[in-house]
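Number of protein chains: 2
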Amino acid sequence: MSKKVLIIGGVAGGASAAARLRRLDEHAQIILLERDEHISFANCGLPYYIGETIQDREKLLVQTPKGMQDRFNIDVRVNSEVTALHPERKTVTIHSTTKGIYEESYDALILSPGAKPIKPPIPGIDSKKIFTLRNIPDTDRIKKQVDLEDIQRAVVIGGGYIGVEMAENLKERGMEVTLVEAAPHILAPFDSDMVAMMEKELEENGVRLLLNDGVKAFQEKSTGLDVVLSSGTTLTADLVILAIGVAPDTSFVKESGIHLGARGHILVNDHMETSIPDIYAVGDAIEVRDFVNEQGAAIPLAGPANKQGRIVADNIAGISSTFKGTQGTSIIKVFSLTGATTGNNERNLKRLGLPYQVVYVHPFSHATYYPGALQLSLKLLFNGEGRILGAQGIGIEGIDKSIDVIATTMRLSGTIYDLTELELAYAPPYSSAKDPVNMLGFAAENILANRTEVFTYETLQEYDQEHTILLDVRSPLEFANGHLDGAINIPLDTLRQRLSELDKDKLILAYCKMGLQGYLASRILLQNGFKVKNMTGGFKSASIFFP
Amino acid sequence: MSKKVLIIGGVAGGASAAARLRRLDEHAQIILLERDEHISFANCGLPYYIGETIQDREKLLVQTPKGMQDRFNIDVRVNSEVTALHPERKTVTIHSTTKGIYEESYDALILSPGAKPIKPPIPGIDSKKIFTLRNIPDTDRIKKQVDLEDIQRAVVIGGGYIGVEMAENLKERGMEVTLVEAAPHILAPFDSDMVAMMEKELEENGVRLLLNDGVKAFQEKSTGLDVVLSSGTTLTADLVILAIGVAPDTSFVKESGIHLGARGHILVNDHMETSIPDIYAVGDAIEVRDFVNEQGAAIPLAGPANKQGRIVADNIAGISSTFKGTQGTSIIKVFSLTGATTGNNERNLKRLGLPYQVVYVHPFSHATYYPGALQLSLKLLFNGEGRILGAQGIGIEGIDKSIDVIATTMRLSGTIYDLTELELAYAPPYSSAKDPVNMLGFAAENILANRTEVFTYETLQEYDQEHTILLDVRSPLEFANGHLDGAINIPLDTLRQRLSELDKDKLILAYCKMGLQGYLASRILLQNGFKVKNMTGGFKSASIFFP
Ligand SMILES: Cc1cc2nc3c(=O)[nH]c(=O)nc-3n(C[C@H](O)[C@H](O)[C@H](O)COP(=O)(O)OP(=O)(O)OC[C@H]3O[C@@H](n4cnc5c(N)ncnc54)[C@H](O)[C@@H]3O)c2cc1C
Ligand SMILES: Cc1cc2nc3c(=O)[nH]c(=O)nc-3n(C[C@H](O)[C@H](O)[C@H](O)COP(=O)(O)OP(=O)(O)OC[C@H]3O[C@@H](n4cnc5c(N)ncnc54)[C@H](O)[C@@H]3O)c2cc1C
Ligand SMILES: CC(C)(COP(=O)(O)OP(=O)(O)OC[C@H]1O[C@@H](n2cnc3c(N)ncnc32)[C@H](O)[C@@H]1OP(=O)(O)O)[C@@H](O)C(=O)NCCC(=O)NCCS
Ligand SMILES: CC(C)(COP(=O)(O)OP(=O)(O)OC[C@H]1O[C@@H](n2cnc3c(N)ncnc32)[C@H](O)[C@@H]1OP(=O)(O)O)[C@@H](O)C(=O)NCCC(=O)NCCS
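Residue numbers (the working numbering), protein chains in the order written: chain L, 11 to 557; chain S, 11 to 557.
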């Protein structure tokens, strides 16, 4: 007898599960229940449709209910909201706009309801000028507003991925855009150092950034909607995008007895099974295991949701597949910049008390003698055993490649030593004989082997000035064009001749342009009996703090 | 007492070893011996300087003898050819254009003499119109010719990486270019299927290709240099580039007693030690272990040479580093196309009798709903245990990324199952929620799990037509626009309704556009009791054989 499988939620996790399940079991009865009118749409494309980079609305609809029926023989029921689960009798209650309220039974049930934008009870939050962005109807509503000629002033609340993408896309539509972020920096998956370049990019493209500031109230005025901030600043907006984060869309699950996490996420094992037999869950609504720190985490991203959808179908069809946790690998375009990250950032590692070391390199996207090479800024976090804990990259070209290679290394339990050995594709238009990722490995290895000690710009103020020498090993011209306060200049290539100018009793803090020459200087000094540290990433890393 | 280290060859392997050795040992005496006038030049950039993509000759000189002296305190001796090794007294004989002939002693000796272009004894080979390309003097000579106005007809002999790059760059300079290759296809690291697109790209850009043809003789004529081919064809050229491969530049080693391989390569262990104590060798001149098939191999590439240079320095400085074999990861730009490969190709696997399976996918460089997505063609070779044996990719964008991720997976002993789980960076401008590499993993996994059987276009003629049905599951319009001979058309979305039209006693060979719909069809048919195989990569893979 064929299995009857109900799936709640018809987009990334749900539709992927449905398609895979059909491929595995031609005879199962598969019913896809979707509250909304659309299934299988491109959530991730929505900001770009509003920004008109994506011009054709049809393109957002990756699959239609009819397409899904024809291709996969799925019983797709849109405008059908599941309001309650009844595990004791293996049914769910459905509110359909056409068929009314009814119960439907299941042999197996998959929950993929996703996450909904957080809407805190701020005074005035229900204004018609305030929008959130999750699905096609939201998109249509926002786009309709933006298309109106007299809509010019936009305020985006929240500097996460969606907030930043919306700020960029509204700017692309010619609006005045202010982005308000309560934290000291936008884009929390990145550390404050790396994110500074993206903040600069936003500002250079005309997006006004207000950091360390939150919304206290919204007030309708004849001139527009006033956005009153904690700092006292008031912005007036024609349109507000609220993008301060998402919460699992799991209210219908609450009464079912399924175990939920502290913030309402559905808890599952690595076969995607919830605490109740025959009920599975995937996607933004679940808590996953962080691959690096082994803690519970909520990672609302499409890659994991799609993969989990495939894995849950496997398990229901009798194939034992497991989801082995997520690294949170993610990427964002900020005008011409790309930022990408994988694993944990410093903030996380500090919070969890996990020991780590940092290294920065600033290699080029390909051989510098071939035209068009663009500089990357890469940051690697690793521990004393060489385990890679996380990596972040910012640049114009090749960031996705470097971060993907590191994410792959991490997934396969590779270490920084493996990074040094990776054999990556090199010809002048594509990379360098020592790939950026090899360079990260070399630099990290040298630290772990105690061949060089590093310090970060961030910690510079911690040093006792009386007992340290700040040594700039760049050229006199570079030095003259700007250097760190209190530094003396001995260019690298003259260092061997000028050792006598330095005091062996002091700690020498060396720095250069990118970290390489300072490393060379540190090796010369160390082997001549000096105490020395090199500023990892050099002046370039220092300057990404004040880009 | 400090060590005295001699290094023979001052470019990729030699200069890298010198620099690393100095970093590790400030007090070693390091002497770099180079036959040529330049060290540390960008071999890989030479074709692009001739083609004037790289305009500034200075850029080719990554380090100068003076720079190397100042920065690394290396005793650089150019115009100094080592003509003999004397391991018994630990010296080498040097022929210097300025200092005459002398011996120099060593505690440790590093050989990095590289490989030289093969010049077979073809009649007329010594013509002044015939050039090979290895170093800066070669480059200057060729460029001087190309810069002459009356030089218009170029013939490139040999379709390896250097030959193809030269063909492209001479074409960029407006010449008439013919590329002659003795094998049935150019670019031997690729299989014939994948390379066809690159051959087409060359031809579409005006490079004339003559395959399956070799040079019999060169004859000076008043009209130019006649290149007489085995087929009888005669080409007349103003300039001939001979690029039929390289051989280890090891004649000075021959008398030393150092063990050499069958083709003259220096044999080393994984610490880069030759058969004679204190003599090490790296780079193009050595035989390495193929990471996939464990056989000896010659891989004349800059990435391995640079890494080996670093490893040899480590070992001399007392750090036990090993080189763990090479995958031959490589990449080439062919006008607007990129081709990249890692591991073994089918030709190799067949030759070695290693069992393998093939899968093709043709995903896009990023989400198709976001503008600018470009199609990739990826081929994966793997065995029954899921071990990845090799991968090849052709496309316009993202090929380097996919091949690097697969190369990383291979290096860390990841399998096709790991490919399905890789968590790669996704946002619409960069990839898809299921990355191209995940797709390769999915498709391979389905084959190994016997969820689908595949056949390749190449094997189509092997099937007994009487007992097979060739089934095209694309749309009627696609079918009408071109299909495989003898195919019948049942579009995928109608297949479930039209099963009765098919004969259960016959083997159904299904195909679609890219392999995905054929896979879906194969699942429907299989579960309905049919015998079926899907053409991996679909019509797209078929058409890359006749692009
Ligand atoms: C604007 C935007 C941009 C994004 N950009 C990216 C990106 O660049 N990269 C990336 O990796 N991720 C991105 N994401 C995140 C990604 O879209 C999600 O991680 C992914 O869609 C989650 O899949 P899911 O199946 O869990 O939930 P969803 O895709 O949200 O699907 C859940 C569906 O369930 C339905 N539903 C909920 N409750 C019920 C119920 N009770 N009954 C019936 N139906 C119900 C909802 O209507 C919804 O359609 C973006 C998301 C948004 C909103
Ligand atoms: C045109 C061209 C394009 C290339 N493109 C790429 C590419 O895109 N990607 C890639 O990975 N690789 C590429 N390569 C290959 C790459 O350059 C080599 O793999 C690498 O340079 C090998 O390093 P090596 O140190 O072994 O030899 P080399 O770099 O060749 O250096 C050897 C040096 O030793 C000197 N020498 C030899 N014998 C003696 C002696 N007896 N005494 C003193 N000196 C001696 C030679 O003069 C030479 O300068 C290319 C090579 C060429 C020629
Ligand atoms: C449209 C949708 C239902 C498709 O689901 P899907 O069929 O599982 O996914 P794809 O179309 O990518 O196809 C993947 C399948 O094709 C197979 N495949 C792909 N290329 C193939 C090829 N050349 N040969 C053989 N098989 C191939 C894969 O193996 C995989 O099958 P499997 O899971 O059985 O192994 C689902 O992806 C969806 O709803 N997407 C939109 C929502 C979304 O993801 N939003 C977030 C991102 S914006
Ligand atoms: C120029 C040349 C001598 C430089 O050799 P090198 O100093 O070893 O190489 P790089 O300049 O790339 O520097 C790499 C070193 O800098 C370190 N480094 C790079 N960026 C760093 C950073 N930001 N912080 C600290 N260290 C850094 C690396 O760790 C590595 O040092 P290590 O080997 O001691 O670990 C050599 O690469 C060469 O001759 N190249 C031209 C020839 C050639 O390769 N041709 C083929 C390709 S076209």
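Hints are computed from structural coordinates only; laboratory data are not their basis. The beta carbon of each residue, even a glycine, is placed where N, CA and C say it ideally should be. It is possible that part of the hints are untrue.
As the list claims (entries may be wrong) - Which residues of chain L face chain S? A few of them, derived with a C-beta cut under 7 Å, are:
(1) Leu143
(2) Asn145
(3) Val256
What the hints assert, rightly or not - Far from chain S, some chain L residues (derived; all Cβ distances over 10 Å):
(4) Tyr112
(5) Gly274
(6) Lys334
(7) Ile406
(8) Asp428
(9) Glu476
Violated hints, by number in ascending order, as checked against the structure
As far as the earlier hints go, 1, 2, 3, 6, 8 are violated by this structure, in ascending order.
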